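Starting from the known structure of chain A, arrange chain B on it as the hints suggest.
If you're matching them up, the sequences are chains A and B in order.
Quick note on numbering: our numbering labels position 143 of the first sequence as 128, and the sequence is numbered without any gaps.
Quick note on numbering: our numbering labels position 251 of the second sequence as 236, and the sequence is numbered without any gaps.
What you were told as hints is all true, and nothing was included just to trick you.
Taking lysine to aspartate or glutamate and the EDC-like style, the derived pairs with C-alpha atoms no more than 16 Å apart in a straight line are:
hint : chain 1 : residue 1 : chain 2 : residue 2
1    : B       : 24        : A       : 16
2    : B       : 24        : A       : 15
3    : A       : 24        : B       : 27
4    : B       : 24        : A       : 27
5    : A       : 24        : B       : 16
6    : A       : 24        : B       : 15
Don't read these hints as lab results, they were simulated from the structure.
Because the structure is a prediction, the values reported are computed rather than measured.
Number of protein chains: 2
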Amino acid sequence: MRIYLDCIPCFLRQALEAARLATNERAVQEEAMRVVLAKLAEFPLNESSPPEVGWKVHRLVREVTGNKDPYAPLKHSFNQKALALYPRLIALIKDSNEPFETAIRLSLAGNMIDFGAQPIKDIDLEQEINIALKIHLDRENISRLKKAVEKAKKILFLGDNAGEIVFDKPLIEQIGPEKVTYVVKRKPIINDATLEDAKAVGLIDLVNVIDNGSEVPGTVLSLCSKEFLMHYNSADLIIAKGQGHYETLSEEKRPIAFLLKVKCPVIAKDIGYKIGGLVIHLSNVYNL
Amino acid sequence: MRIYLDCIPCFLRQALEAARLATNERAVQEEAMRVVLAKLAEFPLNESSPPEVGWKVHRLVREVTGNKDPYAPLKHSFNQKALALYPRLIALIKDSNEPFETAIRLSLAGNMIDFGAQPIKDIDLEQEINIALKIHLDRENISRLKKAVEKAKKILFLGDNAGEIVFDKPLIEQIGPEKVTYVVKRKPIINDATLEDAKAVGLIDLVNVIDNGSEVPGTVLSLCSKEFLMHYNSADLIIAKGQGHYETLSEEKRPIAFLLKVKCPVIAKDIGYKIGGLVIHLSNVYNL
Chain A
-14 MRIYLDCIPC FLRQALEAAR LATNERAVQE EAMRVVLAKL AEFPLNESSP PEVGWKVHRL
46 VREVTGNKDP YAPLKHSFNQ KALALYPRLI ALIKDSNEPF ETAIRLSLAG NMIDFGAQPI
106 KDIDLEQEIN IALKIHLDRE NISRLKKAVE KAKKILFLGD NAGEIVFDKP LIEQIGPEKV
166 TYVVKRKPII NDATLEDAKA VGLIDLVNVI DNGSEVPGTV LSLCSKEFLM HYNSADLIIA
226 KGQGHYETLS EEKRPIAFLL KVKCPVIAKD IGYKIGGLVI HLSNVYNL
Chain B
-14 MRIYLDCIPC FLRQALEAAR LATNERAVQE EAMRVVLAKL AEFPLNESSP PEVGWKVHRL
46 VREVTGNKDP YAPLKHSFNQ KALALYPRLI ALIKDSNEPF ETAIRLSLAG NMIDFGAQPI
106 KDIDLEQEIN IALKIHLDRE NISRLKKAVE KAKKILFLGD NAGEIVFDKP LIEQIGPEKV
166 TYVVKRKPII NDATLEDAKA VGLIDLVNVI DNGSEVPGTV LSLCSKEFLM HYNSADLIIA
226 KGQGHYETLS EEKRPIAFLL KVKCPVIAKD IGYKIGGLVI HLSNVYNL
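So here's chain A without its partners, still in its complex pose:
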């Protein structure tokens, strides 16, 4: 997906949040903002997707502030909050007449934990679960995705954020962990999950977890490792969580099921849903 001009104020908002997480020194925060402003003034916007620019913005903030992982405390906190809710997720699946659909809904509930697309704020995860259990979902797409999942032998699951990865566990269990490879980022970027988070929440005890060799939000294939690309090219089905994956992969010719909560007006316009909507967007999946 191309960059909209609306992304520019959003990059500055992200830069400021990251700078404030990274340091308490106002002069350093201001310097980070100036460096980002100057970079964006020159940036070839038409050649990149929003996550690629976001990556460069966050890298500049890290360089100026000297903090390699400003979001680390937030990631830890949301991993713990999500783990505390995990028994409730299990109970909801157990009590459900449609456990696959419920698992999709819970996975989508977790996608609210995204501090790139939206300002940092306290998120009421219980409320997110309640909303996700009731909100409109495209039932036909759920049914198609379920068939594709059953048919597929190798599924690549592109994870998104720390904390959110706990909400993906029920869906992996419904799919069958043995045919899933779960993907995280190699290095910290915003609050995206890394192997450290996958370990912290016990995801590595459930499923094979790899990193994509990259620290770019979403999945920019040209910046991923050979190992990841081998998985990507050989999978029968790719499940991709979050806006960043839609922004970077929506024009790819692979069978991809995008699962995301719409959090910004640019995505809302592009994908045709309202902000707050839960989306199952199937791309070339019918050709399986």
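Relative to the frame of chain A, chain B by itself:
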């Protein structure tokens, strides 16, 4: 008031809105954004108030796009919407047991029509009136302001936005138009009112209206005309509408009653109210 780093993303949001109002050409909009980004990267933030930077941002957008008044249609539209509600404002004052307080509340309701502090959106003016009639106001400050108004012989009323100026008419009537001089901007800036707006809504038939010789949001004294400064320095009381006036005059040693609706987190923090709150902030008014 000094600039907070939070103002930077907001300036970019304003620049984009102004550029989109000014032209439909995406390339020109992008160029305007780049010019604003480059300017902000170098800008001495500590030497200016937010409205002064906002002025420079909007001036750059006008220069790049060649549109001298991007907000003209919005201003016209809100003047007309406000005029359509004027009979209701009159009726509310007539039916009120506390007409001065009701006039203050209506004047504050109109301060929602501000497209600097907040994104451009449709504003339900009837809803704003209903909120303003019920919301908490500092009654002691209303009473003090009423006494100051009664005591003052020369009152300078610093108006804010097009449309909003209609909502100030009942307050001017309560004060007594003969002792009021009402101030607008000399040239268009964002949706601030000019003499053209004062004529369009008939304000000039009620009260003496002057311009301040400037096109900066709020009131930056060093950029105002001598005529305005004469009024400013000789007034017994100054009533200043909107966030921009608080941002530019809050540290002045004159008797100023700031009337504003809080619309941004920076002002909320600085003034100690929540977003959406209606504020009567009296500065040196007791010394009258």
